[in-house]
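Position chains B, C and D relative to chain A; hints supplied.
Protein chains: 4
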Amino acid sequence: MLRYFTSGESHGEALVAFLSGLPAGLAVDQEFVDRELWRRQQGYGRGGRMKIERDTAHILSGVRHGKTIGSPIAIMLQNRDWQNWKEALPVETGDPEKHKRVASPRPGHADLAGALKYDFPEARYVLERASARESAARVAIGALAKLFLRELGIEVLSHVIAVGATSIADREIAWERVEEVSRKDEILLSCADPDAEQRMKEEVDKVLRTGDSVGGVFEVVAHNVPPGLGTYAQWDERLDSLLAGAVMSLQAVKAVEIGSGIQAAHSPGSAVHDEIGYRKESLPTGFTRTRNNA
Amino acid sequence: MLRYFTSGESHGEALVAFLSGLPAGLAVDQEFVDRELWRRQQGYGRGGRMKIERDTAHILSGVRHGKTIGSPIAIMLQNRDWQNWKEALPVETGDPEKHKRVASPRPGHADLAGALKYDFPEARYVLERASARESAARVAIGALAKLFLRELGIEVLSHVIAVGATSIADREIAWERVEEVSRKDEILLSCADPDAEQRMKEEVDKVLRTGDSVGGVFEVVAHNVPPGLGTYAQWDERLDSLLAGAVMSLQAVKAVEIGSGIQAAHSPGSAVHDEIGYRKESLPTGFTRTRNNA
Amino acid sequence: MLRYFTSGESHGEALVAFLSGLPAGLAVDQEFVDRELWRRQQGYGRGGRMKIERDTAHILSGVRHGKTIGSPIAIMLQNRDWQNWKEALPVETGDPEKHKRVASPRPGHADLAGALKYDFPEARYVLERASARESAARVAIGALAKLFLRELGIEVLSHVIAVGATSIADREIAWERVEEVSRKDEILLSCADPDAEQRMKEEVDKVLRTGDSVGGVFEVVAHNVPPGLGTYAQWDERLDSLLAGAVMSLQAVKAVEIGSGIQAAHSPGSAVHDEIGYRKESLPTGFTRTRNNA
Amino acid sequence: MLRYFTSGESHGEALVAFLSGLPAGLAVDQEFVDRELWRRQQGYGRGGRMKIERDTAHILSGVRHGKTIGSPIAIMLQNRDWQNWKEALPVETGDPEKHKRVASPRPGHADLAGALKYDFPEARYVLERASARESAARVAIGALAKLFLRELGIEVLSHVIAVGATSIADREIAWERVEEVSRKDEILLSCADPDAEQRMKEEVDKVLRTGDSVGGVFEVVAHNVPPGLGTYAQWDERLDSLLAGAVMSLQAVKAVEIGSGIQAAHSPGSAVHDEIGYRKESLPTGFTRTRNNA
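Residue numbers (my numbering), protein chains in the order written: chain A, 640 to 933; chain B, 640 to 933; chain C, 640 to 933; chain D, 640 to 933.
Excised from the complex, chain A in its bound form (with noise of 0.2 Å):
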């Protein structure tokens, strides 16, 4: 139903988010969808860039008095530092000797991959599309999804779990602060554990002196989903399909797990599959779990 793409450089005057399919009707709260672009800025132990940035969102179609009006959506994402880039990355001929090379492509980033494909001299390009910059624009679309699927009752959030070899301690209590951890005006980890949270803080630290990295987990949970989205019916409609394929395709995602996917791989069934129940008037549907696992 939905068709989103994005388009725009790292420091190029703008990114462009398009979102084409949102029913007419929708009221759009500029004020939410910038409000997730700041959150998206938030974090520990991230580069300089973030301050510059304060990401708004400049609706440019399909937004009328308030409201979507069933034409594509167009969201302009202003780059606060264009001013210092547009002699380095002029959309014109420009001068040559103000290009900014990069000569030496990063290992974990598609520079080389990219420079070898378009058979670009060096990466500056890769970078500036590659770039986890683009990620703005799918969060002001994502933000306009999450504004369309409220109005069904259904809440999309987010949170750390693991950074580097610190876990949080039980997922199921994190889910019930989630939605809390969503609502801070300070973000520190947005991990719903706070004991979790300090540790991980610590891990980020530790790297940050000697001048590394670390990875880490992040859980979407998704309250109120009726059953039935997607199907099996064939192999490009299928709901873990569809999840696994846009969440891989952040930059910096190397694997996707359905619930507790990861560890069921190394599990017996019986300690995996999520019980069937039936009880009337249990809600929505009288089926119940006794687990989550998938």
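One or more hints might be untrue.
[Said to hold, decoys possible] Below, a sample of chain A positions facing chain D; criterion: calculated Cβ distance under 7 Å:
no., residue
1, 749
2, 755
3, 788
4, 853
5, 871
6, 877
7, 888
8, 894
9, 896
10, 900
11, 903
12, 905
It is worth saying that the hints were derived from the structure and are not from the lab.
All C-beta atoms, glycine included, are put in the ideal place defined by N, C-alpha and C.
Relative to the frame of chain A, chains B, C and D by itself:
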């Protein structure tokens, strides 16, 4: 290979053209893009709007140092009249009193179907998006596609071959003049037959006097197209199908023919089929045709 | 919502029609599907092949206990002449001597373009797939689509309105007879105007005597279509565009018009636009039109 | 470039694999396709069904004289047990008494979600389509894709690297043996580490004794892949995204990682990133990596 979309309302802040899939390294001649936008605004008997517009392509992404870089291209076409419309069509809630209702849906437009579809109490939002102004964004995309095809030696041109009851005298003679017509700095009706063009102008004058309008036919000519684009292998990959769908998606188009398709429906096969010959030295494949109906 | 594809060669073992996306619970009337296949094989002046075929739909999947089950539907149409072709067109290497070459590419067909595209030394494989026989698989898919639309009260019918220089006298009178024509057990030319049909037959007789063929025009009529299918919001979602692309993908079609599109191109707007009225009791929306050109 | 779909129910007459987009002229080794189908049916501790199946690919279209001809390929995999099921799952209305209800939806399967989605009173139809048997059709398609990639020098192989708590000792040693493992005529667990394979077998034996099952991990290895497949330019064209979506669409898969993705989440960047070097004579591009984590 290419994906393209547009967004924007007729009297909104801007149209955005989105184009993904052009290879890196294509020289982007901005003057050519702007000239194509200028050509769209020419024609005889058009409304006053065309004088306000004077569209210029503001490339936001995907082009650096005068060339494509493999990233998606976003082009913004700002609405020069936006200052006069921002209170009538604000993104924010705004003042509902300033809204300009379109209470009478116009026949021959999407107004009524759109208002019924989206349950709008009047047709303003439909008019805004279903407007022919949207095609300006497609012209910008088409200009880039033409620049790409030019690298492959392919030229795509168009001209007007009928207005109302007036048609050009001879299609084949016109074909020879189409390129010349498309290069003119003054455009009357983009017709390659000067006599017919004069009579077309008179048709337009006549209907304008009575407040009426008049239909017409344009032909798109592509030179140097290699055989084998598209494929007969699946219905939705056939070149005829893709072309017909694209042309029929233009706001005022209600019929499409390939070659002499309409006339062919009323003719014997012997008068329609283009006989195939072979002459080794005939470029590029040696095969020849005595006619060009298909 | 629906995706459909076909596979199969004209003289191969079978065509397969593939259809995904029909909801579960739709009653599948196999007699209706077979009748639609039978109707495709009727007509006046057709080749002897039609007598061999007598297609019947062999449903392999997606239908159980007489109803769709939400799974993709595959329908096999076996080629009754396969025994006579299996040595000429074996799946395995086979005996190359038995191959039936098509050394002279036929004009008005994909033969030449296809052979050049795929670098075939002759056109047999192109003829096999580009053949109009492929449309039998689409008829099977279309029959299921009609059964689905029927549940929504929508009827899609078609009739022949011109053969060569002969056209029906009055489109509006014909519309009233189309349903009746589509129910006949003997089909001459599926024309709803008996006088015109007789003259069409004579046109065909005439060209058959000289070994020629003749073009024609068919019209598709849909009753009870709700306003708002498709959308003006994006070029590739417009109903006109989707219909034109689908119709133009049929093997012999070279032109498509929506309503009176061809004539409209030569007419003043006042003669074309369907005036909109309103009468509360007019179903389903209260809006009325005095004509049906668009 | 390629589009593929499957149809068919687990106990229906046949599965159909549909593949569109392979170029003409590719030699189709049917023995290889059947061997891939045979490999799918091997493994340790599987149900009795595997003995009934012995799938063979019946190519209905798209292959002639042992080669692809550019047309869509349809492959039928007949269900050898259909005679025993045709009264339980007839295409026609049939005898409802013969229907085999699945009244208890199985956890860890689509049974419950599917029945709720399509409003089925029991889960038979869901079980039939959501079944892992569907993957046989994908194996046939994958076999053709492998034959195509082989022409380009690319080999795609797979092996089991963990079952329950047992993992192989060393991934890099295993990589060297994967090809050999995939060529074996007797398959135990397709594990390239014989000691680990023996222990995996014991894990399976253990759970079988208690009527339980156990999870596992398989790895897909591709040799000789050129850099630059997919692109970072748009989220839905990234290679990681496409691969993750495809793998996650398999019936029992609940997690996907690229390279050492899962471990990377708990590691410092310095331990994960594959350092890039350059040695002119290193094929194909001169660039080298000391590790292969990404």
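Consistency of the hints with the structure:
1. The closest approach between the C-beta of residue 749 (chain A) and any C-beta of chain D is roughly 4 Å, which is under the 7 Å cut-off, so the hint is satisfied.
2. A distance limit of 7 Å between C-beta atoms decides the matter here; for residue 755 (chain A) the minimum to chain D is near 4 Å, and the interface restraint holds.
3. Of the supplied interface hints, the one on residue 788 (chain A) is violated, with its beta-carbon coming no nearer than about 18 Å to a beta-carbon of chain D, more than 7 Å.
4. Interface hint status for residue 853 (chain A): upheld, as the beta-carbon distance to the closest one in chain D is roughly 5 Å, under 7 Å.
5. Interface restraint check: residue 871 (chain A) against chain D, minimum CB-CB distance 4 Å, threshold 7 Å, status holds.
6. The criterion of a C-beta within 7 Å of any C-beta in chain D is met by residue 877 (chain A), whose closest approach is roughly 5 Å, and the hint holds.
7. Checking residue 888 (chain A) against chain D by beta carbon gives a least distance of about 4 Å; that is within 7 Å, so the hint holds.
8. For residue 894 (chain A), the interface hint holds, the least distance from its beta-carbon to any beta-carbon of chain D being 3 Å, beneath 7 Å.
9. Checking residue 896 (chain A) against chain D: minimum C-beta separation of about 4 Å stays under 7 Å; hint holds.
10. Because the smallest distance between the Cβ of residue 900 (chain A) and any Cβ of chain D comes to about 3 Å, under 7 Å, the interface hint for this residue holds.
11. Here the hint on residue 903 (chain A) is kept, as its CB sits about 5 Å from the closest CB of chain D, short of 7 Å.
12. Hint status for residue 905 (chain A): holds, given a least beta-carbon distance of 6 Å to chain D, under 7 Å.
In this structure, only the earlier hint numbered 3 is contradicted, and the remaining ones agree with it.
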